[in-house]
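If you read the sequences in order, they're chains A and B.
Sequential numbering from 1 applies to the first sequence in our numbering.
Sequential numbering from 1 applies to the second sequence in our numbering.
Please note that a few of the clues may not be correct.
Note that identical chains are pooled: a pair holds if it fits in a single copy or bridges any two copies.
[As the list claims (entries may be wrong)] For lysine-lysine, the following DSS-like pairs were computed, each having C-alpha atoms within a straight-line distance of at most 30 angstroms:
id: 1; residue 1: 80; residue 2: 145
id: 2; residue 1: 3; residue 2: 193
id: 3; residue 1: 3; residue 2: 90
id: 4; residue 1: 225; residue 2: 80
id: 5; residue 1: 225; residue 2: 90
id: 6; residue 1: 354; residue 2: 335
id: 7; residue 1: 90; residue 2: 335
id: 8; residue 1: 145; residue 2: 165
id: 9; residue 1: 354; residue 2: 193
id: 10; residue 1: 2; residue 2: 90
id: 11; residue 1: 165; residue 2: 2
Derived by calculation from the structure, the hints in this document are not laboratory data.
Source: prediction; values computed, not measured.
Protein chains: 2
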Amino acid sequence: MKKITSLGYDVVFEDDLNELQSFLIDHDYSQLLILVDRNTNDHCLPVLQASIPDILDYDIIEVDPGEENKNIDFCIGVWKTMLDFGADRKALMLNLGGGVVTDMGGFAAATYKRGIDFINVPTTLLSQVDASVGGKTGIDLDNVKNIIGTFTQPQAVFISTVFLKTLDDRQIRSGFAEIIKHGLIQDKDLYNKCRSLTLPVVPNEIVYESVQIKNKVITEDPTEKGLRKILNFGHTIGHAIEGYSLVNDQSPLLHGEAIAIGMICEAYLSHRVNNLDDTELEDIVQYLKAVYPAYSIDPSIYPVLVDLMRNDKKNENNQLGFALLRSIGDCDYNKYVDEDLIIESLDYYRNLTK
Amino acid sequence: MKKITSLGYDVVFEDDLNELQSFLIDHDYSQLLILVDRNTNDHCLPVLQASIPDILDYDIIEVDPGEENKNIDFCIGVWKTMLDFGADRKALMLNLGGGVVTDMGGFAAATYKRGIDFINVPTTLLSQVDASVGGKTGIDLDNVKNIIGTFTQPQAVFISTVFLKTLDDRQIRSGFAEIIKHGLIQDKDLYNKCRSLTLPVVPNEIVYESVQIKNKVITEDPTEKGLRKILNFGHTIGHAIEGYSLVNDQSPLLHGEAIAIGMICEAYLSHRVNNLDDTELEDIVQYLKAVYPAYSIDPSIYPVLVDLMRNDKKNENNQLGFALLRSIGDCDYNKYVDEDLIIESLDYYRNLTK
Ligand SMILES: NC(=O)c1ccc[n+]([C@@H]2O[C@H](COP(=O)([O-])OP(=O)(O)OC[C@H]3O[C@@H](n4cnc5c(N)ncnc54)[C@H](O)[C@@H]3O)[C@@H](O)[C@H]2O)c1
Ligand SMILES: NC(=O)c1ccc[n+]([C@@H]2O[C@H](COP(=O)([O-])OP(=O)(O)OC[C@H]3O[C@@H](n4cnc5c(N)ncnc54)[C@H](O)[C@@H]3O)[C@@H](O)[C@H]2O)c1
Ligand SMILES: [Zn+2]
Ligand SMILES: [Zn+2]
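Put together the whole structure using the sequences plus the hints.
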């Protein structure tokens with residue numbers, strides 16, 4: 001069992017969930033509400049129950065799975081169910097699921113009766129390595145992602161890789177992109193460990209090291225004024241591609257798949273304007289190409305992609321700021337790049353996959 | 001101009017709104033959004049504009065007036081309008097209205113893009129003396145009041161009694177009940193000043209003293225663990241009567257009117273179990289009777305009222321806790337009272353008004 005202390009709470013890495021059990025026993029909550037989606041109800045709740053046989057009484061709140069349900073309508077449903085269960089201010093919400101469940105459940109708890117305690121038990125690799133620290137809660141509105149939310153820290157987060165066994169390979173690879181990102185921006189060792197892994201098995205150790213990096217970055221910059229922007233590596237272009245794919249593809253890219261493309265393009269930009277050397281660029285690109293499927297981007301959609309980048313909430317004052325690598329394990333932020341060069345990086349990706 | 005420092009921000013008392021003007025000029029917000037309801041759009045926006053001729057560009061978001069519209073549907077409307085206006089994280093929301101507007105606007109701002117700054121310009125006496133400090137934001141859901149919300153402090157609050165000129169007499173008296181309450185629980189002088197006033201004119205000075213008391217109480221107990229409960233004087237019984245009236249009366253009681261009845265009943269309880277003396281009880285009761293209209297309560301509804309008290313969120317563990325006076329200007333909390341005695345206090349009120 002390992003622990004990381006984040007902004008006022010612990011992230012516990014344990015495949016047996018012993019600490020979770022102790023947490024529930026030690027705290028004097030009036031009531032336990034478990035938020036799941038249909039899949040985590042089927043696959044993860046039994047794991048939780050097997051690890052915690054003496055779990056207290058609890059009530060289940062179930063939502064439909066998928067990003068399209070991370071919206072205000074489902075959130076209202078969660079609030080109403082909490083009311084129906086008579087939850088008071090001393091109730092505890094346990095969010096058991098991927099980022100959709102932890103984001104929405106965190107928001108529902110943060111705003112119910114002006115805030116009740118919640119803990120997160122993330123069950124996808126993405127939510128374990130990315131949503132477990134930082135205190136972001138939220139829902140989408142009118143297809144704008146995470147536009148409504150709060151910064152509210154959970155009381156604790158419990159991470160068990162046992163949950164990942166029922167997750168499909170594509171979801172594992174998608175979450176894995178954030179681990180690669182953490183290596184690229186801060187820790188060459190972690191990047192090399194990633195390189196030597198055979199997916200889909202991801203050891204708890206790697207998840208731990210990955211969260212450690214994100215946690216270091218966000219605790220140094222809790223209000224997103226500076227350093228935290230390096231977490232955005234791969235995301236300026238990646239988000240645009242993700243957004244485009246969501247609207248236009250029958251089977252849209254997953255977040256991490258889009259970010260992997262974004263990381264290739266932004267590694268190229270790093271090479272062009274931030275001194276990332278040839279060899280490292282080549283290394284990153286070959287590795288990402290090997291792990292993630294190729295995606296075809298027609299030049300006719302470049303203007304759409306650039307527009308999407310401009311609309312991204314992280315770009316204030318209408319400037320396109322990037323996080324760019326200097327070398328593997330070292331990243332700068334607030335690097336402003338011309339549109340021509342962005343197009344060039346998209347061409348670079350296209351040529352790779354031709 | 002007077003100022004009170006609350007939890008990290010200033011409450012400014014000024015009838016000319018000079019400080020508000022300076023605030024808007026000094027801060028570098030990307031955008032100004034003004035939230036109003038139909039009435040404050042008609043009556044208060046012109047006052048604001050007259051005081052601040054050089055007001056920056058702003059966008060207006062208008063909601064329908066009334067508690068029945070302090071709900072998630074209108075809140076979604078506010079969020080969507082913010083999105084339509086392209087509000088970014090550096091936008092400022094100015095809530096211009098009564099408690100409905102400041103509560104809902106505060107909540108919308110606290111949750112938009114995980115929180116943008118907001119300032120409150122309360123335009124009813126109730127919102128000036130009660131909603132101006134404490135950081136409570138919120139909306140109702142399924143007719144449960146303030147069930148969804150946050151604790152989020154505004155950047156500043158600006159109080160001008162000029163706005164009160166267009167407020168009707170009933171609304172003034174309703175808000176005035178909270179001023180009387182502040183006197184009763186903490187400040188005999190303020191209570192005596194109230195007694196010598198001729199409504200509906202309320203001097204800025206009295207509003208200032210009243211807010212000072214509430215602020216002292218909430219800053220001593222920001223998380224509502226103890227002392228803050230004295231603010232609940234008159235509210236345990238008052239809320240039940242307000243809730244009953246809302247559902248059953250054609251022209252329901254206003255909040256302060258119900259609280260005035262609650263204060264009479266709870267002053268009686270204070271006399272019976274907390275040593276409030278005869279003369280002071282008599283003084284309080286005669287004064288409240290003179291300011292507020294009589295309301296007829298039939299004994300047949302006593303059980304309904306007691307049920308409503310039990311469901312009130314402030315009563316945890318199913319015990320009925322009261323804030324009770326020891327003398328005028330001195331109040332205790334966590335006083336548990338038997339149901340028989342509560343009934344007796346309702347009878348006391350009935351007999352007064354027969
Ligand atoms: N709060 C943050 O800091 C943060 C960070 C990154 C991402 N996010 C958010 O997270 C969301 C994406 O997270 P996600 O990829 O976990 O999405 P998700 O919650 O939709 O999970 C993906 C799919 O896997 C299923 N699933 C979850 N756990 C499973 C398990 N153990 N076995 C089998 N199936 C399982 C889910 O039901 C869903 O169908 C996005 O909404 C994103 O905005 C938040
Ligand atoms: N946040 C807090 O700490 C706190 C404290 C007390 C009350 N509240 C909330 O405040 C609400 C009640 O406040 P309220 O009484 O101000 O209600 P309100 O906002 O509904 O205002 C009452 C009426 O007066 C109108 N109005 C407002 N200002 C006016 C003006 N200057 N001239 C003419 N008309 C005007 C409004 O349009 C409305 O019709 C409740 O929802 C309550 O929960 C919050
Ligand atoms: Zn990401
Ligand atoms: Zn009140």
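Alpha-carbon proximity context of residue 354 and residue 335, limit 30 angstroms: For residue 354 and residue 335, the Cα distance is within 30 angstroms only inside one copy (29 angstroms; across copies 77 angstroms).
Reference check for the pair residue 165 and residue 2, CA-CA at most 30 angstroms: within, between, both, or neither? So residue 165 and residue 2 pass the 30 angstroms test inside one copy only (20 angstroms; across, 63 angstroms).
Cα distance capped at 30 angstroms. Does residue 3 pair with residue 193 within a copy, between copies, both, or neither? within (21 angstroms within a copy, 59 angstroms between copies)
Residue 90 and residue 335: within-copy, between-copy, both or neither at 30 angstroms Cα: Answer is between: at 21 angstroms across copies they meet the 30 angstroms cutoff, but 46 angstroms inside does not.
With identical chains treated as interchangeable, where does the CA-CA distance between residue 2 and residue 90 reach 30 angstroms or less: within a copy, between copies, both, or neither? For residue 2 and residue 90, the Cα distance is within 30 angstroms only inside one copy (28 angstroms; across copies 39 angstroms).
30 angstroms Cα cut-off: does residue 80 pair with residue 145 within a copy, between copies, both or neither? The answer is both: 23 angstroms in one copy and 13 angstroms across copies each meet 30 angstroms.
Given a CA cutoff of 30 angstroms, do residue 354 and residue 193 count as a within-copy pair, a between-copy pair, both, or neither? within (29 angstroms within a copy, 84 angstroms between copies)
Could you figure out if residue 225 and residue 80 sit no more than 30 angstroms apart (CA to CA) within one copy, between two copies, both or neither? between (36 angstroms within a copy, 26 angstroms between copies)
Intra- versus inter-copy proximity for residue 165 and residue 145 (alpha-carbon distance at most 30 angstroms): Within one copy only: 28 angstroms inside, 44 angstroms across.
Taking 30 angstroms as the upper bound on the Cα-Cα distance, should residue 3 and residue 90 be classified as within, between, both, or neither? Within one copy, since 25 angstroms is at most 30 angstroms while 36 angstroms is not.
Given a CA cutoff of 30 angstroms, do residue 225 and residue 90 count as a within-copy pair, a between-copy pair, both, or neither? between (34 angstroms within a copy, 13 angstroms between copies)
Of the numbered hints stated above, none is contradicted by the structure.
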